[in-house]
Amino acid sequence: MDRIIGIDYGSARVGLAMSDPLHIFASPLETVPSAKIIEYLQKLTRTQRVERFVLGWPTNMDGRPSSAAADVQAFRNRLVGAFPDIPVTMEDERFTSVLAHRAMIDGGMKKSDRRDKASVDRISAAIILQSFLDKSNKER
4 MDRIIGIDYG SARVGLAMSD PLHIFASPLE TVPSAKIIEY LQKLTRTQRV ERFVLGWPTN
64 MDGRPSSAAA DVQAFRNRLV GAFPDIPVTM EDERFTSVLA HRAMIDGGMK KSDRRDKASV
124 DRISAAIILQ SFLDKSNKER
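Heads up, the sequence shown is in this note's numbering, so the first residue is 4 and it goes up one at a time.
If you're looking for bench data, these hints aren't it; they were derived computationally from the structure. It should be emphasised that the depicted structure is a prediction, and the values quoted were computed from it without experimental measurement. Any given hint might turn out to be false.
Across the chosen pairs, the derived CB separations fall in these ranges [stated by the list, open to error]:
id: 1; residue 1: D137; residue 2: A71; range: 31 to 37 Å
id: 2; residue 1: F28; residue 2: R67; range: 28 to 34 Å
id: 3; residue 1: P87; residue 2: T50; range: 28 to 34 Å
id: 4; residue 1: N63; residue 2: T92; range: 18 to 24 Å
id: 5; residue 1: R67; residue 2: T92; range: 16 to 22 Å
id: 6; residue 1: D5; residue 2: D65; range: 33 to 39 Å
id: 7; residue 1: Q76; residue 2: S139; range: 31 to 37 Å
id: 8; residue 1: A73; residue 2: D23; range: 28 to 34 Å
id: 9; residue 1: A38; residue 2: T62; range: 23 to 29 Å
With a Cα cut of at most 20 Å, we get these calculated EDC-like pairs of lysine to aspartate or glutamate [stated by the list, open to error]:
id: 10; residue 1: K138; residue 2: E54
id: 11; residue 1: K138; residue 2: D5
id: 12; residue 1: K141; residue 2: E54
id: 13; residue 1: K138; residue 2: D23
id: 14; residue 1: K138; residue 2: E94
id: 15; residue 1: K141; residue 2: E94
id: 16; residue 1: K46; residue 2: D5
id: 17; residue 1: K141; residue 2: D5
id: 18; residue 1: K46; residue 2: D88
id: 19; residue 1: K141; residue 2: D88
id: 20; residue 1: K46; residue 2: D23
Positions of the beta carbon are idealized from the N, C-alpha and C atoms, including for glycine.
Make the full structure from the sequences, and use the hints.
This is how it looks when you write it as structure tokens:
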């Protein structure tokens with residue numbers, strides 16, 4: 004079965020997550036430098052059947068796009084250009100960093116490990132993807 008890839012895009016790093024084949028669970032996958040993300044995804048799509056990308060959309064508390072939205076939109080355009088046959092869904096990413104830190108604490112991760120921004124990015128990508136999966140499964 005096809006997988007769904009969750010993406011938490013940042014100007015320095017990109018956190019990635021992948022669904023299970025049944026689209027029930029999201030698992031943190033990798034953190035990749037932003038400059039190498041398209042190349043990484045090209046390699047990934049050669050080994051995994053990917054049916055969709057879910058990209059975190061940065062919004063303010065009032066629901067309007069945040070200052071980072073322009074960078075995310077530019078990345079979305081590159082993603083669509085590189086993978087024209089794979090749809091891209093935008094998913095609200097408000098609070099994902101806070102939730103990622105909470106998950107790390109609840110999971111017993113040491114404080115020194117919680118400072119690793121790459122871990123936060125991967126977990127944030129999994130939270131973004133899980134949010135999408137939960138909504139999609141509820142609609143079925």
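To see whether the hints hold, each was checked on the structure:
no., hint, in the structure
1, D137 with A71: 31 to 37 Å, "24 Å, violated"
2, F28 with R67: 28 to 34 Å, "31 Å, holds"
3, P87 with T50: 28 to 34 Å, "20 Å, violated"
4, N63 with T92: 18 to 24 Å, "20 Å, holds"
5, R67 with T92: 16 to 22 Å, "19 Å, holds"
6, D5 with D65: 33 to 39 Å, "35 Å, holds"
7, Q76 with S139: 31 to 37 Å, "23 Å, violated"
8, A73 with D23: 28 to 34 Å, "33 Å, holds"
9, A38 with T62: 23 to 29 Å, "25 Å, holds"
10, K138 with E54, "17 Å, holds"
11, K138 with D5, "18 Å, holds"
12, K141 with E54, "19 Å, holds"
13, K138 with D23, "16 Å, holds"
14, K138 with E94, "11 Å, holds"
15, K141 with E94, "16 Å, holds"
16, K46 with D5, "15 Å, holds"
17, K141 with D5, "19 Å, holds"
18, K46 with D88, "16 Å, holds"
19, K141 with D88, "25 Å, violated"
20, K46 with D23, "18 Å, holds"
Hints 1, 3, 7 and 19, counting from the list given before, are not met by this structure.
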